[in-house]
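Protein chains: 2
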Amino acid sequence: MGNELLLVLVIGATLISIGYAIILLTKIRKAKVNHPKIKEISSYIKEGTFAFLKKEYTIILFFIIGIAILLTALGFIPALKNAEGIGYKAAICFLVGAGFSGLTGFLGMLSGIKSNGLTAEAADTGGMGKSLKAAFTGGAVVGLSVVGFGLLGLSGLFYLFYKISGSLQVAAQVVVGYGLGASLVALFARVGGGIYTKAADVGADLVGKVESGIPEDDPRNPAVIADNVGDNVGDIAGMGSDLTESYAGSIISAISIGVAGIVIGGELFTDLAAIFPLLIAGIGVLAAVISVIIIRLKEWKNPQRTLRIATYIAALIVLAGSLVLSLVFLKSVNPFFAVAAGIIVGIFIGQIAEFYTSDTSKSVKEIAHQSQTGHATNIIAGFGIGMKSTALTIIVLMLGVALAFIFNGMYGIGLAAVGMLSTVGITVSVDAYGPIADNAGGIAEMAHLDPHVREVTNKLDSVGNTTAAIGKGFCIGSATLTSLALFVAYAHAADLEILVNGELTTVINIINPLTIIGLLLGAMLPYLFSSLTINSVGKAANKMIEEVRRQFSDDPGIMLGTSKPDYAKCVDISTSAALREMILPGLIAVLSPIAIGFLFGAEALGGLLVGSLASASMLAVFMANAGGAWDNAKKLIESGLYGGKNSEAHKAAVTGDTVGDPFKDTAGPAMDILIKLMSIISLIIAPVLIEVTPLFLSLFQ
Amino acid sequence: MGNELLLVLVIGATLISIGYAIILLTKIRKAKVNHPKIKEISSYIKEGTFAFLKKEYTIILFFIIGIAILLTALGFIPALKNAEGIGYKAAICFLVGAGFSGLTGFLGMLSGIKSNGLTAEAADTGGMGKSLKAAFTGGAVVGLSVVGFGLLGLSGLFYLFYKISGSLQVAAQVVVGYGLGASLVALFARVGGGIYTKAADVGADLVGKVESGIPEDDPRNPAVIADNVGDNVGDIAGMGSDLTESYAGSIISAISIGVAGIVIGGELFTDLAAIFPLLIAGIGVLAAVISVIIIRLKEWKNPQRTLRIATYIAALIVLAGSLVLSLVFLKSVNPFFAVAAGIIVGIFIGQIAEFYTSDTSKSVKEIAHQSQTGHATNIIAGFGIGMKSTALTIIVLMLGVALAFIFNGMYGIGLAAVGMLSTVGITVSVDAYGPIADNAGGIAEMAHLDPHVREVTNKLDSVGNTTAAIGKGFCIGSATLTSLALFVAYAHAADLEILVNGELTTVINIINPLTIIGLLLGAMLPYLFSSLTINSVGKAANKMIEEVRRQFSDDPGIMLGTSKPDYAKCVDISTSAALREMILPGLIAVLSPIAIGFLFGAEALGGLLVGSLASASMLAVFMANAGGAWDNAKKLIESGLYGGKNSEAHKAAVTGDTVGDPFKDTAGPAMDILIKLMSIISLIIAPVLIEVTPLFLSLFQ
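Going down the list, the protein sequences come from chains A and B.
The first sequence begins at 463 in my numbering and counts up one residue at a time.
The second sequence begins at 463 in my numbering and counts up one residue at a time.
Hints in this document: simulated from the structure, not taken from any laboratory.
On a predicted model such as this, the values are computed, not experimentally measured, just so you know.
It cannot be assumed that every hint is accurate.
Each pair may be met inside one copy or between any two copies, as identical chains are not told apart.
Straight-line distance between alpha carbons at most 27 Å, and here's what the computed DSS-like set of lysine-lysine pairs gives [said to hold, decoys possible]:
id	residue 1	residue 2
1	K1005	K827
2	K489	K763
3	K1097	K1113
4	K1001	K827
5	K1026	K516
6	K1097	K763
7	K1107	K671
8	K501	K1031
9	K1026	K494
10	K763	K492
11	K824	K1001
Please construct the entire structure, taking both the sequences and the accompanying hints into account.
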């Protein structure tokens, strides 16, 4: 088959996914919510969410336009005319990437907000089966949009610029801009969303649960709507754009490595090696569609089992499909091994996260046990467990990398990343289900629905906590693998090739102090970045606490239930804090690689990338699992262990949970973005770095 | 001058230092303590300390003998007969290194324990001047022993094997064993001591201060003696052996790089480049002696100023001396720049630690402020500040590396490390002063001395907290720099030299998946290591808490002050916990580089080293500064801020302090040891790795 036909087929697959997502979204939007209270609360959440999105997108727009102009302008510099990642073509890709990523987030929000209410009402009127279906369908729209739009933009642009230039090499360079666009939106969505959601959550919890003794999601708490909005913007939009970025990044890196030419079984592949990652992704898109259709065929009763089956169906389809594609197009089983390694590692990493954070795990029980001796021992225990969990995670990831490499060299690392992310359509669907179920529970509480409703939503939500832990593991694992692949692509693009024993080899030498300096600075950045985001949450939560206290003391009617709290004020606090605080981390992520690259050169920038990759992935795993374990330890005690709610052990466990909140939902996930964004930017400036002398070295010449 | 004469001069300098240390120690041991209660308490502490040391040294002895036999036996393998770091000669160096390191620890203990009591009594009878002098003299014995014995062993063995073999190259390889010996003892002293001290401290605090409401250092608390013993074994012996290891490691690495030949100003130096680091160290030893003599000439009233002057005197002497040595022997000012960069970076890093942790700092005030909203916000604030503090620390360190490299290439990095550590004699003296002052205060409390005594000791102690923060920064900075230099030496030793563009270059290529795998595993190890040590503290502290509670409930007379608690039982718990728990981290540190080296090869091992170096130094800085800041935030509140003692803010601040304890005194300092030990082991096995095919690769061939 010709290259173009293959690309058209991939585009066709994405259109199927998008079409199905739109059908489902239309169904959701047409469905009627009858309960007046649910309607009212949903409207508050909707209002708050779109107020945030509007402000956020406005800020992003400025950045986007600025960078697009910069990319276009730089293209006019004569020395850069061969750097296809820069110039008006790359700027177009960049705009499409940002636009599609933003669109996906918007559609996800539309689906999520409406599905919250539908899930709550279905739990009331239809029981577990209907409620589960509503939540799953809401999540599926997010998942199918992510892969549909994500791959449509990428494959469409790749096709377009291949048509125009007649060269896959040129097309491969140009579409890096698409990855940058997706990355930039992801940065703001993840960091802004992460700060938003935790400022609201921590603020609501500390005054509500701890000081005033009212339950979670109590409508008397002024911060409760902000908390629910936060679940949407942080957990749905943030997570979705994070994985969109990984998705695009993994495919882009595999294409970049592939176009350089891959030898498999003595035969040199260039065209097919470049297109193969897109084919795998195309199979993945179809797999997600098929999996969602199958699950929606009947009403399931067991949420855990349902979500697991959905994941396995998709994984099996991709495995089978990639085996066929591998044998047919690359005439060897080896590429299949790399894709399979990626898929399996992705599943394992999720399982490891569950192993350390599920409420039946030894680790979580240990934290609960240590809560009896107070706040400090609870914190120390969670800290230790989060750190320990890095070991198994990294070992599994490294085994995957080793296997992928053994059979396919560097190309294998790119393929493993693509493989892992090929199932992302269903992963996001399952992941987005979590916050929908969580919010449905919140709405049920706020609308004073019958206790049996809360029972259903609680069951849905507790599975959501597990899927969230698995999803977080998956986000980190895929971000690490994607960044690794992008890093390799960067080294190729930066022309770091030297004659080693007579053979041209890509080399970034660590026994070069500039590389070491880059590496150590890179290892430091995730710490700086985390401290900024964690402090932002702390500051914003403090403001939230003061506002809630003020409302309680100004209007005693709120606590009595006779007057309505001012939800909008709390939404405002979270919104402006999130938007203000995401700027500085964003600038650091964007400017660090540029500064190091031009100051110390391409090799030092390589050091920076690998240093930050190593440091950020450890911190991300540590924070996600410590946070998850603290959360479930608290839940375990709330279920009656060691004195249950309001015991001393419970108070200590709440401390751990509160500390874990910004860890697992703000700083941790932001690590994923940091390393991917820095890698993408490096890949783009790589051809420029070849042309200039590093400033630091020119000082001493 | 001939090489031998130069070495003899260095040996002479060490003998002066040792002689002076012995004179001071004799004075201390002869001095009489008159207060019967001080005598009694001192005897408990002494008993506990030596019980621990005896058991610890017995365990270490087994390891030492085992490794010495292994080193000797491996030397008989024909393929390894040119690997001088292995064989009976290296085994001898290893034994001397371990022995001297142990001896230094023992002498430090002798001095520390007696000085505790002397300082307390001097505060009673002589006031600030006499008390400060007693504490400083006690610390000086530790500092002078560290540099005296540390350098005597190294230069003596270097001289011996140079005499025997006639080759500086051979001598340079053989003495790596000396570094291994020092490292191994440091591992046990730091990890074991760190677990000991914090198990006792956390246990004593949680039951004593929090549950029973009795003050710190109250003699009714059964864990109080264990706590005091811990200060000696952790803060004096542990810190001393940590810096002894850095000291030996930095000199060894500089020699290793130097013997390969250094071109300065067009001239090739080999002999002098190898001996030069020893000369700098020799100047440093003399500088420490001179500084101690000057300080002891008169009675000082202001402890802060005194300690600062001591440090500056030593630094200035080394700066002047190294300028002269640089010009005379290496005929250029360039090596001086590297040494100076090391010294200045060392001072700056200490200042940065103080900047983030002193009780007047913005950071500490912020933590105190956040304590008002509870335990969680206190923890989050400390966490953020610890992470932020990595930025400035690493940037300063990297600037130093860049400058040292620019003027002297790789040799400069070794010299910078030697420069930084050349002032270690006085750094250790100042650092050891801290726990002595702290314990003097404890003794004053326990012996119910007059409040004015406690006033003096409190003043001494508060300065001790600052010097501890500075000292910790110095330990980390020097460990990072030393490991970096050892890493470079390793790459040379592992023959990782390839023809790059026709020139022989040492290369560890990160664009090699095996290197990346090594690097990511390396980045993970510090997390695993920290989780083990932190969990050990948690477990041991729990046992301690149970024991203290048991004693309180079994014998109500303890709280009434009518019966004496069973101190020995608590000492036992800490002792056996520390010794049991240090084995596993120890094995991980020793076996990881060996496993990765033989499994994935020398390049992957290089990746492991640099990955762990990057990861561990960030964690170490983060933990040390977070811990220090939490500690002082608590003190700030205790001084009356936000409600003072027993307020809600205070309780939250105590949580932060308790969490910070294992951070700053167990896991954090253990990071230093981990990276140095792994580097030294790698340097030793490097020549072996050249001879074998990595297991993993041979599987697929």
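Each hint, compared with the structure:
1. K1005 <-> K827: Between copies only: 18 Å across, 34 Å inside.
2. K489 <-> K763: Answer is within: at 22 Å inside a copy they meet the 27 Å cutoff, but 82 Å across does not.
3. K1097 <-> K1113: both (12 Å within a copy, 24 Å between copies)
4. K1001 <-> K827: between (31 Å within a copy, 14 Å between copies)
5. K1026 <-> K516: Within one copy only: 26 Å inside, 69 Å across.
6. K1097 <-> K763: For K1097 and K763, the Cα distance is within 27 Å only inside one copy (23 Å; across copies 56 Å).
7. K1107 <-> K671: Result: close both inside a copy and across copies, 11 Å intra and 25 Å inter.
8. K501 <-> K1031: For K501 and K1031, only the intra-copy Cα distance (20 Å) is at most 27 Å; the inter-copy one is 65 Å.
9. K1026 <-> K494: within (26 Å within a copy, 75 Å between copies)
10. K763 <-> K492: within (25 Å within a copy, 82 Å between copies)
11. K824 <-> K1001: between (34 Å within a copy, 15 Å between copies)
Every hint from the earlier list agrees with this structure, and none is contradicted.
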